[in-house]
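Student: Guided by the hints, dock chain B onto chain A, whose structure is given.
Those sequence lines, one after another, are chains A and B.
Be aware that the first sequence starts at 1, since it is given in the working numbering, and climbs by one per residue.
Be aware that the second sequence starts at 1, since it is given in the working numbering, and climbs by one per residue.
Simulated from the structure, these hints should not be mistaken for laboratory data.
It cannot be assumed that every hint is accurate.
A few chain A residues facing chain B, derived, Cβ under 8 Å [stated by the list, open to error]:
| hint | residue |
| --- | --- |
| 1 | G12 |
| 2 | P14 |
| 3 | Q43 |
| 4 | A45 |
| 5 | V46 |
| 6 | V50 |
| 7 | S51 |
| 8 | H96 |
| 9 | I100 |
| 10 | L106 |
| 11 | R110 |
| 12 | S116 |
| 13 | R117 |
Over 10 Å on every C-beta distance to chain A, these chain B residues come out as not near it, computed from the model [to be verified]:
| hint | residue |
| --- | --- |
| 14 | S103 |
| 15 | P111 |
| 16 | E156 |
| 17 | N190 |
Don't be surprised by glycine CBs; every beta carbon is placed ideally from N, CA and C.
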Amino acid sequence: MHSDLVISQSDGRPMYLQIMEQIRQRVAVGDWVQGKEIPSIRQLAVTLRVSVITVKRAYLELEREGVIVTQQGKGSIVAPDPGLGSKLYDQELTQHVERIAQLGELLGLRPEELASRVREAVDRLTKEYS
Amino acid sequence: MNDLSVHFEGVSKIYPHFALDDLSLELPTGTIMGLIGANGAGKSTTIRILMGLVHQNQGRVHVLGREMPREQAAAKLDIGFVSEDTRLYGSATLAWHMKFIRSIYPQWDQPYAEKLLRRFDLKPQQKIKGLSHGQRVKAALLLALARRPRLLVLDEPTTGLDPVARQEVLGELMAVLADEDRTILFSSHNTLDVEQISDQITFIDRGRIIASDNKEIFLDRWRRLRLVLSPEADLPSLPGVVEVGGSGRLPVLVTNRFDPAMVSACNDAGATVQAVDPMTLEEIFVANVHSRREKQTV
Chain A
1 MHSDLVISQS DGRPMYLQIM EQIRQRVAVG DWVQGKEIPS IRQLAVTLRV SVITVKRAYL
61 ELEREGVIVT QQGKGSIVAP DPGLGSKLYD QELTQHVERI AQLGELLGLR PEELASRVRE
121 AVDRLTKEYS
Chain B
1 MNDLSVHFEG VSKIYPHFAL DDLSLELPTG TIMGLIGANG AGKSTTIRIL MGLVHQNQGR
61 VHVLGREMPR EQAAAKLDIG FVSEDTRLYG SATLAWHMKF IRSIYPQWDQ PYAEKLLRRF
121 DLKPQQKIKG LSHGQRVKAA LLLALARRPR LLVLDEPTTG LDPVARQEVL GELMAVLADE
181 DRTILFSSHN TLDVEQISDQ ITFIDRGRII ASDNKEIFLD RWRRLRLVLS PEADLPSLPG
241 VVEVGGSGRL PVLVTNRFDP AMVSACNDAG ATVQAVDPMT LEEIFVANVH SRREKQTV
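Next up, chain A with everything else stripped away, as it sits in the complex:
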């Protein structure tokens, strides 16, 4: 399959992010339809003239986001139900939770203290809405 992705050398962002963004866009606008086969990691690396490891990283992260599905030995397809919305939120939550854990460690907080802080935040939010 022909790939029409473009890697910009003057774009300051890492190449894997550029690849991810363009694939997400193609899926979002429906150019790459659900269930459709997409180029293999090596094929795309050869066409874009970027290293295999860069494309592999982009695919791994896209898979984690639920945009594509990679089947061992069969290549990758656009996820049948990309469900981008909820999966992206879930992924974002994971990142934030990890961040909370890191900050807690920096501040020397115990897990219970962290948990109670999260609970307080939820309570505040509930009060705002009620």
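Tutor: Chain B in isolation, oriented as in the chain A frame:
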């Protein structure tokens, strides 16, 4: 066990004015490694040892599962090697060279060779001495590629090429990697080329490997942080800082162990992070060399 195409273990080579010191290197099959170093850092010596052209004083070298230099004849059937001093016969044509190589290597792929002639815009009837530098490099590369070697070893393949020829060469190298049983090791001081196509990157300086890792890890961990210190605050101590520059209240740090949590740790310590800049491979290489050299002289 053969998923390493190149394996160096504790390799040393001593010359009167230069030494390769305890070099260990692993190149997995199916990947490209870029070897980056200043002139005289030891790139070419490393490559010559790999090819069995120079014998190490110590350590073990395996290439495609063969022990070097002992089994070099067998190994070389499967290695394509191009260096700046690859000699072609000036008075012979490229077609003559193609026929010659074809008679030696049974795996020679004629249709591929013809495709490369067109892609590299070379004329087989032309004599080597009439070729430009760029055409000569491409001719040597064609002769190596069309043998379909399992390992390609290229010493400075893009040096002295014009931008069009460089892109042609890089494109052909990537095309080789479409086959996951093939492996490429190339040396360069052009970090842009290495950054673009390499999976693995090895920095070499003064005969030592100063860093060897997968490219994404390199690019992820190195960051330049620009800080603004509040009047009473001291410079926070951060992991992996290799360079501190800037002035009094506006320090600039370079770290090789960046983690997003650093930003808030700095802010908490009274040092506002103004910017977190990603670094190019060239900047990473230079910072790496400087910090190592400083440590050596202390």
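Student: Looking at the structure, which of the earlier hints fail to hold?
Tutor: 8, 9, 11, 12 and 13
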